[in-house]
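*Asks:* Fit chain S to the given chain C structure using the hints.
Here the protein sequences come in this chain order: C and S. Residues in the first sequence are numbered from 30 upward in steps of one, following the working numbering. Residues in the second sequence are numbered from 30 upward in steps of one, following the working numbering.
Since the list gives no way to pick one copy over another, a pair counts as held whenever it fits inside one copy or between any two copies.
For lysine to aspartate or glutamate, the following DMTMM-like pairs were computed, each having C-alpha atoms within a straight-line distance of at most 25 angstroms:
| id | residue 1 | residue 2 |
| --- | --- | --- |
| 1 | LYS283 | GLU229 |
| 2 | LYS265 | GLU277 |
| 3 | LYS265 | ASP288 |
| 4 | LYS305 | GLU151 |
| 5 | LYS262 | ASP237 |
| 6 | LYS126 | ASP290 |
| 7 | LYS262 | ASP290 |
| 8 | LYS160 | GLU90 |
In case anyone wonders, no lab produced these hints; they're calculated from the structure. All figures in this text were calculated on a predicted structure; none of them were measured in a lab.
Protein chains: 2
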Amino acid sequence: MNNVFVIGVGLIGGSFALDIKELYPQCKIHGVDKNENHLQEAEELGVIDEISNFEDLKNAEVVVVAIPVDSALQVLPKVLDHISDDTIVFDVGSTKKDICEIIKSHPRRRNFLAAHPIAGTEFSGPKAAIKQLYKNKTNIICEVEETAFKLQEKALKLFSDLGMRIRYMNPEAHDKHIAYVSHLSHISSFMLGKTVIEKEKNERDIFDMAGSGFASTVRLAKSSPAMWTPIFKQNKANVIETLDEYIENLKHFKKLMEDDDFEAVFNEMETTNHIKDILNGIE
Amino acid sequence: MNNVFVIGVGLIGGSFALDIKELYPQCKIHGVDKNENHLQEAEELGVIDEISNFEDLKNAEVVVVAIPVDSALQVLPKVLDHISDDTIVFDVGSTKKDICEIIKSHPRRRNFLAAHPIAGTEFSGPKAAIKQLYKNKTNIICEVEETAFKLQEKALKLFSDLGMRIRYMNPEAHDKHIAYVSHLSHISSFMLGKTVIEKEKNERDIFDMAGSGFASTVRLAKSSPAMWTPIFKQNKANVIETLDEYIENLKHFKKLMEDDDFEAVFNEMETTNHIKDILNGIE
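Looking at chain C on its own, in the form it has when it is part of the complex:
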């Protein structure tokens, strides 16, 4: 691999850049971003080798599109317009249905692979890029059959070199499941943060009484609104469904408390303790 283009040089794109440089020392990383400051910063930090543009995409072997999911809908067709026949382009967005839909009839559809690496932190920008972010993480690939076989192979080799395991899924199933295990937990965390901040105007009190449990539960409330707003917008129906169920479960728990049915409260928690076994594989 000699020329990799990263469009969007933030946490996700930047972390791909760092690992690719380490894996293939001869490879040149070209950065494209609408944010000039981020480009400068990425170059200074050594995350990218060179600031580039859409015209140069014709020289790309691999293009990583790592931008918010609303911008991706605009940018991806433009990227496909500029690449050569042998270029593989993949995105990394947290929603897959709209992106697959929008490039469905693009003449270069077979140069595109729809991907979602389940990796990240609550930070953003080139400074947030870290090495080995993708090691032992899952990469969900959608509509793999729509990608040219040789280009699939190239992308899969890269993902394998980065240490990722692959799961195949259709875009609708992806968006539905990810609403539960990712999108909902961001909202539950943001709203928890909001509830506590609203109540505790005196921040000193929050700080003094909050422990590591609270910190863990609201960690995702540090996430970037610019990244998350378009995700919620694109996955609106699924996210609202998860929110309905979550709210119902909270109301039921509250009702059990109001009815002094603490045996049922105990059972609710005991049943959910089963999450331990599920999480053993993640942490």
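*Replies:* Positioned in the frame of chain C, the structure of chain S alone reads:
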């Protein structure tokens, strides 16, 4: 310090035992627990030096009561009945109003200090005890003026040796504030776990798609129902108030999504990002 009694040799009591032994090597740690297996285990692990009983409490200099908050209401008066004049007894429960109420008129009220160290993990039992759990953690003390001055001093010296910072608060304020920064986040986490488990009957799917963000948000859903049920029971009114506000915030967020007001969705998240500054002091 020569004789410390730990009543309840689990995560919290056991972690006190481990640090006290390290700080005062001459000190003998006596363990009391209604769970015989835990006592055996604590002795085998070296968490306690000796299995003991209520009759021997007359020899105690310090007694740590580290049991679920409902049992504490039964056990604490009995402990006070057995100690000598110079013994300091403190509890560590996550609710403070009921415990202060129940020993209000006890002849040995001045031997008791109501404490709540903001420390712990989602694990439980003697095996979960760890060294330095209390280092740099906050210990909230309630009704300090009700404790004999010399005995306050003894307890504060111990907390200081353990590396804790002290905050004084009345029991009502403690129970109200802690409902927000601790009790609510446990419920939000349990119900998040429940929602996802209910939906995703195929656990393999959860495991594959869930990332570190989800793991962090549901971490508290691993917590012990035996510990948490009595906390929710004792702090029922405050917890229900926090749940009402949390549910309202979630419903409002859902309404904004339904109305396609994604500018407001963005603003909700951006305002709550302020949690970063608050958490900087905790993590």
